[in-house]
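Based on the provided sequences and hints, a complete structural model is requested.
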Amino acid sequence: MTRGTFAYVGQRFVLIALTALVVSSIVFIGVHQLPGNAFLSERQSSPQREAELLHHYGLDKPLPQQYLAWVGGVLHGDLGESLVNRGVRITPLLLRELRVSATLGLFALLFTVVLGMGLGILAATKQNTWIDYAASFGGTVGYSMPNFVTATLLILLTVTGFYAWSGGAFYEDIGWGKPEQVIVPAIALGLYPMAIISRLTRASMLEVIRQDYVRTAWAKGLRPRLVVIRHSLRNALIPVVTILGPITTSVITGSVVIEYIFGIPGLGKEFVNSIFNRDYNIVIGVFTFYAILVGLANLAVDLVYPLLDPRIRY
Amino acid sequence: MDGVSFHVDRGETVGIVGESGSGKSVTAMSILRLVAEPGRIASGRILFGDEGKQKDVVQMTDDEIREFRGNDVAMIFQDPMTSMNPVLKVGFQIKEAMAAHERFTPKQARDRVVPMLKRVRIPAPEDRAKNYPHQFSGGMRQRAMIAMGLSNEPHLLIADEPTTALDVTVQAQIIELLRDLNRDLGTAVILITHNLAVVASLCTRVIVMYAGRIVEEGPTRQIFKSPQHPYTWSLLRSIPRLDEYQHEKLLTISGLPPDLTNPPPGCKFHPRCRFRVDRCLEEEPPLGEVDPGQKARCWVLMRNALAAQPQQAGQP
Ligand code: SF4
Numbered sequence: 047m048t049r050g051t052f053a054y055v056g057q058r059f060v061l062i063a064l065t066a067l068v069v070s071s072i073v074f075i076g077v078h079q080l081p082g083n084a085f086l087s088e089r090q091s092s093p094q095r096e097a098e099l100l101h102h103y104g105l106d107k108p109l110p111q112q113y114l115a116w117v118g119g120v121l122h123g124d125l126g127e128s129l130v131n132r133g134v135r136i137t138p139l140l141l142r143e144l145r146v147s148a149t150l151g152l153f154a155l156l157f158t159v160v161l162g163m164g165l166g167i168l169a170a171t172k173q174n175t176w177i178d179y180a181a182s183f184g185g186t187v188g189y190s191m192p193n194f195v196t197a198t199l200l201i202l203l204t205v206t207g208f209y210a211w212s213g214g215a216f217y218e219d220i221g222w223g224k225p226e227q228v229i230v231p232a233i234a235l236g237l238y239p240m241a242i243i244s245r246l247t248r249a250s251m252l253e254v255i256r257q258d259y260v261r262t263a264w265a266k267g268l269r270p271r272l273v274v275i276r277h278s279l280r281n282a283l284i285p286v287v288t289i290l291g292p293i294t295t296s297v298i299t300g301s302v303v304i305e306y307i308f309g310i311p312g313l314g315k316e317f318v319n320s321i322f323n324r325d326y327n328i329v330i331g332v333f334t335f336y337a338i339l340v341g342l343a344n345l346a347v348d349l350v351y352p353l354l355d356p357r358i359r360y
Numbered sequence: 025m026d027g028v029s030f031h032v033d034r035g036e037t038v039g040i041v042g043e044s045g046s047g048k049s050v051t052a053m054s055i056l057r058l059v060a061e062p063g064r065i066a067s068g069r070i071l072f073g074d075e076g077k078q079k080d081v082v083q084m085t086d087d088e089i090r091e092f093r094g095n096d097v098a099m100i101f102q103d104p105m106t107s108m109n110p111v112l113k114v115g116f117q118i119k120e121a122m123a124a125h126e127r128f129t130p131k132q133a134r135d136r137v138v139p140m141l142k143r144v145r146i147p148a149p150e151d152r153a154k155n156y157p158h159q160f161s162g163g164m165r166q167r168a169m170i171a172m173g174l175s176n177e178p179h180l181l182i183a184d185e186p187t188t189a190l191d192v193t194v195q196a197q198i199i200e201l202l203r204d205l206n207r208d209l210g211t212a213v214i215l216i217t218h219n220l221a222v223v224a225s226l227c228t229r230v231i232v233m234y235a236g237r238i239v240e241e242g243p244t245r246q247i248f249k250s251p252q253h254p255y256t257w258s259l260l261r262s263i264p265r266l267d268e269y270q271h272e273k274l275l276t277i278s279g280l281p282p283d284l285t286n287p288p289p290g291c292k293f294h295p296r297c298r299f300r301v302d303r304c305l306e307e308e309p310p311l312g313e314v315d316p317g318q319k320a321r322c323w324v325l326m327r328n329a330l331a332a333q334p335q336q337a338g339q340p
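Chains as they are written, first to last, in our numbering: chain C, 47 to 360; chain P, 25 to 340.
If you are wondering where the hints come from, they were derived from the structure by calculation, not from laboratory data. Misleading hints may appear alongside valid ones.
Take a look, some chain P residues computed to stay more than 12 Å from chain C by CB distance [unchecked claim]:
(1) 28
(2) 29
(3) 206
(4) 250
(5) 306
(6) 326
A few chain C residues that face chain P, going by a derived Cβ cut-off under 7 Å, partial list only [said to hold, decoys possible]:
(7) 258
(8) 259
(9) 265
(10) 268
(11) 355
(12) 356
Think of the CB as a built atom: it goes at the ideal place given N, C-alpha and C, for glycine as much as any other residue.
Printed below as a string of structure tokens:
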């Protein structure tokens, strides 16, 4: 950690804040253009009652004024109140849901990185054997399936399939709360990025093991294990790490679909519901959360990068 | 590669010369069994050690060859820019070479890194050991490679075009360093190069290769004074010499190096040879002794050829 690093991190934080501001204002404008509002589905809703509610939430004020009020709240760490569930403060709600989503996301990333790199390395060291072909085939399948298809197939397999095969002894209970319930959605979420990582790792490994410095390592008489791990793997991982930023982004956006399908009470599900409910404050809040998360994930990756490659300095 | 046979004595410096594609690098790589796929050693022996208790590299198990590499025979490569791992510190990479073998304890290995760097004349070796390769210049990297190669005190150092990628002034320094190390440590050196000037300044014996064959070999002085194979002769004519008549044109070797997958019949050099006779097209000449200690693979020896065609040979 040098001074340069601190300055760099500082700059990046400013950028993330700016991005969050831009994203939130775009979403703010966009969400108010959606037809209808949060109170249309109210029972016994009368025009008068609706006007009262709109006034209560300040929704009858001009948009710029509303936005400024919202930004003011955000600066105090307050994202406002839910329009549908009255009295529910959004900040603690989203933080709670973030924990759920982060758990799912981390498991998905773990699956992605461990299995993706593992398969990539295996395929590269066993190049042009059936192992390589099988891994490449699996990769192509994973790569070409959208996550909602993967999710539906996995549910079919684990819920209906396992139940039928085990004669009812095994019952996969989708939902959230039990530790084992994270596995299937994490796989559904991680399969696509896993395929990308395994392909990239394979290509990168194959390139590195032809490098002159790997030949030097052999010529020194190093043990094969050291040649592979110390002289090939670490170098091969550098390009893989660069795409971990975009991969994390894809896991975050993918979680919107996966949480909805698996009924997981995380940010993603909240996001979808809040749009349907026209719960403006939550929509904007979730969007802003996502913008910040993507920014932080990419920053984290960029900070790992120089640890792997000493030629990079900030 | 066919029928290549040569020996290197303890502490000797031998140059292997030839154009790219002549098989000189493959020869060097086979000594350490580093020939890349799909190349392989189909037959032959590579013997190492004292008379009577020699080991055959070709017959070694994987463990034996691993112990052999870097320990008995070390190798340095053409491009020092890419030959060191960019993400590991230079000192670490040198220490690692020693840690791979049992000659030194881990502590000795650690303590030897800085003296080794000093030995190859790298300034401020304590600081430099902690640098990464990209912080070194090309010449310094090649020095560090030499330090790495010599760290295990091998009997033989194979240097594959060690100066080709470097500036001329740096080239001279590296050659001088190799010469001094050979003298001080007694490490035998095989120098592989296309550059005869480099051979002249370092090696006592020279092997000339063409199309995967040895075409001439002998003491450097003798070969430079009276080359007997037309290929060696034209190689020597193609280097500029300050002491010769300035207006004499440099002779370049016309034609392309042979296609190794589809070599010509008879003498492999005949398509480019200006002295060829009918026999050259049909029968490949053997490597025969032409002078004490000097062998050449040619039907027409240069001293006869030059005597027969003085006008062509003298002023091309
Ligand atoms: S054998 Fe004939 S073709 Fe070959 S180098 Fe000698 S003279 Fe030339």
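Any hints this thing doesn't respect? Which numbers, in order?
-> none
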